[in-house]
Amino acid sequence: MSNSATLEKSAKEVPASNEVLANDVLVSLTNISKTYKKGKELVPVLTDINVKIQRGDFVALMGPSGSGKTTLLNLLGGLDNPSAGELIIAGQRIDKFSSSQLTKWRAQNVGFIFQFYNLMPVLSAEKNVELPLLLTNLTSKERKAHVAAALDLVGLADRAKHYPSELSGGQEQRVAIARALVSDPNLLLCDEPTGDLDRATADEILALMQELNQEQQKTIVMVTHDPRAADHARHTLHLDKGKLIQE
Amino acid sequence: MKYFYFIFKNLTRKKVRTSLTILSIMVAFLLFGLLRSLSAAFDGGAEIAGEDRLVTIHKVSIIQPLPQSYLAKVQALTGVEKATTANWFGGYYQEKKNQFAQFPVLADDYFDIYKDLIKLPPAQLESWKKNRVGAVVGRALVDKYHWKIGDRIPLIGMFPQKNGSTTWEFVIEGIYDAKTQGADTSAMLFHYDYFDKSRQFGEGTIGWLIIKVKDPKQSAQVAAAVDALFENSFAETKTNSEKDFAKSFAKQFGDIGLITTLILGAVFFTMLLVAGNTMAQSFRERIPEFAILKTLGFSDVTVMLMVLCESLVVCVFGGILGLMLAKFIITGAAVEFAATLPGLGMSWKIMGMGLVLVILLGFITGAAPAIQGLRLNIISALRRN
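These protein sequence lines map, in sequence, to chains C and S.
Last residue of the first sequence: number 248 in this note's numbering, and the count goes up by one each step with no gaps.
Last residue of the second sequence: number 456 in this note's numbering, and the count goes up by one each step with no gaps.
No lab work stands behind these hints, which were simulated from the structure alone.
It is possible that part of the hints are untrue.
[Unchecked claim] With a cut-off of at most 25 Å between alpha-carbon atoms, the simulated DMTMM-like pairs for lysine to aspartate or glutamate come out as follows: (1) 80(S) x 167(C); (2) 318(S) x 286(S); (3) 145(C) x 360(S).
[What the hints assert, rightly or not] Residues from chain S that keep clear of chain C, each with C-beta distances beyond 12 Å, as calculated: (4) 105; (5) 152; (6) 169; (7) 187; (8) 204; (9) 248; (10) 287; (11) 292; (12) 318; (13) 343; (14) 352; (15) 359; (16) 360; (17) 408.
[Said to hold, decoys possible] Here chain C is said to cover these stretches of chain S; the calculated rule only asks that three of the stretch's residues, wherever they fall, bring their Cβ under 8 Å from a Cβ of chain C: (18) 74 to 87; (19) 363 to 375.
Positions of the beta carbon are idealized from the N, C-alpha and C atoms, including for glycine.
With these hints in hand, go ahead and build the complete structure from the sequences.
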């Protein structure tokens with residue numbers, strides 16, 4: 002059974018209220034490979050990856066260190082180009098995009114959430130969330146309204162003026178989630194989003210992500226080492242030595 | 072404009088470092104303003120010197136006198152419209168620190184030859200001509216010493232009078248003003264006859280000749296003719312254009328232009344290293360943050376411009392502060408040194424040059440980190456996080 006078939010089958014098993022739209026494929030990877038050059042040697046990182054992710058899905062990407070999880074996430078986020086294969090996201094072949102096309106595409110289609118939040122320490126929560134909107138044509142008033150809505154969604158409306166140093170780890174990650182959501186992207190990519198949090202806070206963040214997936218129909222791909230985090234996803238993909246293995 | 076808040080917040084992230092960088096740039100441009108203004112003041116005479124005027128001095132040195140009889144011979148030369156004489160007096164008013172230029176001149180011709188630079192009301196000129204001990208003074212002197220027409224001004228001169236006294240008394244009969252910006256109004260002019268007949272030694276000699284030529288294009292030929300006229304005499308001459316004379320006079324104090332250029336060169340080179348290193352360090356500390364910006368969709372060029380903007384803001388802010396402070400100091404000093412260093416002032420030309428340098432410094436110091444920002448690879452930069 003191919004991985005894409007596995008995902009499609011699993012999607013039909015989820016409850017009706019949370020049902021992922023069948024055949025509405027958001028992400029399609031066909032024969033994707035990635036190799037890096039180390040001196041004169043070519044090092045394969047990903048080999049022949051074939052995956053389809055439905056719109057509205059929540060996929061956990063697991064595997065040991067060095068298995069290629071982050072590389073795959075980077076390819077999905079348009080931060081890197083595959084060495085071979087076809088990568089289609091929301092109907093666009095992003096593997097054919099130039100660097101500047103990828104930059105514009107990222108701004109409109111992808112939200113990133115990192116393990117260490119990566120907020121700008123000199124900006125308040127609301128200014129951090131506003132950053133992606135600076136790339137749009139929205140007016141200052143419109144940007145403020147979007148920021149307020151995003152912070153409200155993650156439950157941090159009352160912390161808008163606080164700086165990252167004045168927030169707890171969980172709150173910082175919520176701000177990072179608001180920043181990822183504010184431009185209403187098709188895809189949320191999370192790299193170990195709970196890796197720096199205690200269990201209780203991690204569960205809160207995972208619950209929030211689940212809520213975004215189920216209520217806002219956000220498509221999420223999350224890299225994690227933590228099986229309990231993966232339990233919050235609809236599907237789990239396992240990578241080992243650059244190859245996708247059975248779910 | 073919408074990025075400016077972010078740029079400003081980044082600049083204020085390390086307030087002490089930013090303040091010290093701004094301060095060092097401010098000092099560099101303060102020095103630039105002061106030294107360039109000083110240099111311009113020394114070169115000021117050459118800048119406004121007339122194309123149609125020549126100055127004849129003794130071939131050996133300006134301090135060697137020439138016979139007064141040379142005047143008539145020069146006036147008779149073809150191509151000479153008018154000629155007059157002047158001497159160095161070297162006196163001071165009340166105290167030695169109150170030194171300014173004083174020249175015994177020929178009242179009939181002096182203002183005519185310099186009519187493009189200075190002006191004296193005709194009635195005052197006439198009064199002066201009638202008073203043997205009369206003098207006319209420039210506006211800068213009047214402003215400094217609060218003199219007025221009719222005041223008796225005693226000067227202690229380096230020339231003793233025949234009665235042994237070194238105190239020379241003059242009556243102010245007129246006040247002359249500048250006709251052209253930068254013209255010197257810090258001198259006192261009095262009658263050569265009074266000076267010549269009263270001094271203990273050197274009677275019948277002059278310091279230098281000022282010649283107005285009929286055609287400025289013929290200046291070189293007239294100068295050569297003057298020097299040829301006195302060749303092999305006991306007092307050979309050297310005739311130059313007034314511009315060259317002013318330049319060589321200023322160079323007696325050293326090549327101020329070269330000295331200031333060398334000092335400023337060293338200052339700006341040091342500034343480039345200091346500010347450039349600070350900008351580079353500030354960029355290095357934030358590489359993961361720039362990577363995040365690129366991840367969010369900020370283009371390579373936008374990141375590059377943000378880095379460049381930070382450098383420009385620091386340099387422009389520090390530079391303008393320095394130039395303004397220099398302008399303030401020079402304006403104050405110009406009043407204080409009006410008599411000793413006429414033409415001292417910070418012109419718009421110097422201000423403009425300063426602004427161009429400020430922007431250039433901003434671009435150069437920001438260039439290296441800006442290019443790094445442009446080329447920053449997101450994945451490698453995020454790995455540093």
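Evaluated hints:
1. 80(S) x 167(C): Between residue 80(S) and residue 167(C) the Cα gap is close to 17 Å, so the pair holds against 25 Å.
2. 318(S) x 286(S): 22 Å, holds
3. 145(C) x 360(S): OK: residue 145(C) and residue 360(S) at ~22 Å, within 25 Å.
4. 105: Given a closest Cβ separation of 36 Å, the condition holds.
5. 152: 71 Å, holds
6. 169: It holds; residue 169(S) is separated from chain C by about 58 Å at its closest Cβ, greater than 12 Å.
7. 187: 59 Å, holds
8. 204: Its Cβ never comes within 12 Å of chain C, the nearest being 75 Å, so this holds.
9. 248: 56 Å, holds
10. 287: At roughly 61 Å from the nearest Cβ of chain C, residue 287(S) sits farther out than 12 Å, so the non-interface label holds.
11. 292: 68 Å, holds
12. 318: Since the minimum Cβ distance to chain C is about 54 Å, residue 318(S) lies beyond 12 Å and the statement holds.
13. 343: Non-interface label on residue 343(S) holds, nearest chain C Cβ at 27 Å vs cutoff 12 Å.
14. 352: With a cut-off of 12 Å, residue 352(S) remains clear of chain C, as the shortest Cβ separation is near 16 Å.
15. 359: At about 7 Å from chain C, residue 359(S) fails to clear the 12 Å cut-off, so the statement is violated.
16. 360: Violated, since 6 Å does not exceed 12 Å.
17. 408: 47 Å, holds
18. 74 to 87: holds (count 7)
19. 363 to 375: holds (count 9)
Of the numbered hints listed earlier, those contradicted by the structure are 15, 16.
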